[in-house]
Amino acid sequence: MKLNIAIYWGAACGGCDVAILDTHEKLLEIADVVDIHLWPIAMDFKYADVRALADGYLDATLFSGAVRNSENEEIAKLLRKKSKAMIALGACAHTGGVPGLANMYTRGEILDRVYLRSESTNNPEGTLPAEEFMVDAGELQLPRFYNTVKTLDQVVDVDYYIPGCPPASLQIYSALGLLADDMLPKKGSVIGAGDRALCDECARKKSEKTITKIYRTHEKLPDPETCFLEQGFICLGPATRSGCGSRCIKSWTPCRGCYGPLDGVQDQGIKMLGALASVLEPKDEKGINAILDTVVDPLRTVSRFSLASSMLRRKKV
Amino acid sequence: MKRIAIDPITRLEGHGKITIFLNEEGTVENAYLQIPELRGFEKFVEGLPVEEIPRVVTRICGV
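Keeping their order, the protein sequence lines are chains A and B. Numbering (my numbering) for the first sequence: 1 to 317. Numbering (my numbering) for the second sequence: 1 to 63.
FYI, nobody ran anything at the bench for these hints, they're computed from the structure. It cannot be assumed that every hint is accurate.
DSBU-like, lysine-lysine: derived pairs with alpha carbons at most 30 Å apart [what the hints assert, rightly or not]:
#1 A:286 <-> A:209
#2 A:316 <-> A:286
#3 A:77 <-> B:2
#4 A:205 <-> A:187
#5 A:316 <-> A:77
#6 A:46 <-> B:2
What follows is a set of in silico ranges between Cβ atoms, one per label pair, in the way DEER data are often shown [as the list claims (entries may be wrong)]:
#7 B:28 <-> A:264: 35 to 43 Å
#8 B:35 <-> A:289: 39 to 47 Å
#9 A:265 <-> B:11: 33 to 41 Å
Just so you know, even glycine gets a beta-carbon here, dropped at the ideal spot from N, CA and C.
The whole structure should be built from the sequences, with the hints applied where relevant.
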């Protein structure tokens with residue numbers, strides 16, 4: 001018997017869906033074992049079709065994207081009710097991802113910038129999106145744009161997490177294999193990823209060298225074989241779960257942490273700050289701070305994909 | 001007036017819904033396309049180091 005699944009996106013870019021499609025010919029194997037009941041990017045099912053399913057009918061939902069507005073939350077809750085397993089797919093559903101960076105601002109600041117001050121917008125009457133809008137024929141509705149971007153597990157119970165921005169296609173394939181073979185680990189587990197730090201599988205050479213200066217990537221050419229961090233480039237490898245295949249590192253680009261924290265780490269950004277302080281040459285607070293003060297944009301560097309799930313979570317309002 | 005909702009519209013990147021109003025003769029009186037999503041990249045890339053912009057704005061659309 002085939003598994004019944006739904007694939008949905010909240011505040012997302014569609015990259016997780018494309019990562020599923022990027023399993024290429026293995027997609028045919030997936031199609032052999034699952035029946036899909038919702039997948040907006042690829043198939044024409046409506047919300048009404050999902051509402052018509054019996055509760056618990058779906059074996060699993062793969063939910064990508066953060067929870068940014070009331071529609072995202074409503075559909076997350078609907079799919080939770082219809083699904084035996086809720087799986088957070090990708091960094092946005094897992095830790096907030098790039099859309100979570102909006103938590104540095106308020107709802108009002110974002111609406112103001114986008115609709116009133118954007119260079120490409122002509123809006124002399126200052127119209128903002130309204131949740132209810134009357135037209136001659138009747139009322140139109142839009143979802144509520146929240147003040148705070150949430151992770152999936154901040155609004156519904158989540159059974160498993162497949163990390164990454166996007167998750168590596170073969171990792172999605174292997175995670176679906178666990179589902180198909182009824183081999184899923186204990187609830188709450190991260191699946192389709194490693195259980196070590198990215199540094200542990202990085203091919204670059206490490207030598208316990210300490211650093212005296214932080215470099216931005218345009219300031220010097222990195223040595224192709226040496227650890228980025230030991231060259232002074234901030235790389236989130238020490239604070240990030242393995243499983244991506246080091247794809248950024250292999251493209252000469254330091255890690256920004258999309259695979260999220262390791263088990264037992266509550267805040268990936270704070271973990272990274274600790275790792276960074278430990279490779280600095282100075283060991284006194286003043287010396288450490290003098291170097292850390294040169295990091296241009298620390299929050300969006302160490303919490304690039306995890307601000308919405310961090311201890312800071314959002315700007316105070 | 002009869003209302004037809006197409007929600008969500010599918011096989012594209014992003015969220016959208018279409019509401020169609022039919023008059024008494026059953027023909028289309030008016031139709032509205034709504035985009036219910038916003039993330040706010042315009043705001044949260046402000047102040048980001050320029051060399052980091054390419055790996056953030058690629059998350060606007062991954063399709």
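Here's how the hints hold up against the structure:
no.	hint	result
1	A:286 <-> A:209	holds, 20 Å
2	A:316 <-> A:286	holds, 28 Å
3	A:77 <-> B:2	holds, 29 Å
4	A:205 <-> A:187	violated, 36 Å
5	A:316 <-> A:77	holds, 27 Å
6	A:46 <-> B:2	holds, 19 Å
7	B:28 <-> A:264: 35 to 43 Å	violated, 58 Å
8	B:35 <-> A:289: 39 to 47 Å	holds, 45 Å
9	A:265 <-> B:11: 33 to 41 Å	holds, 39 Å
Of the hints listed earlier, those the structure fails to meet are numbers 4, 7, in rising order.
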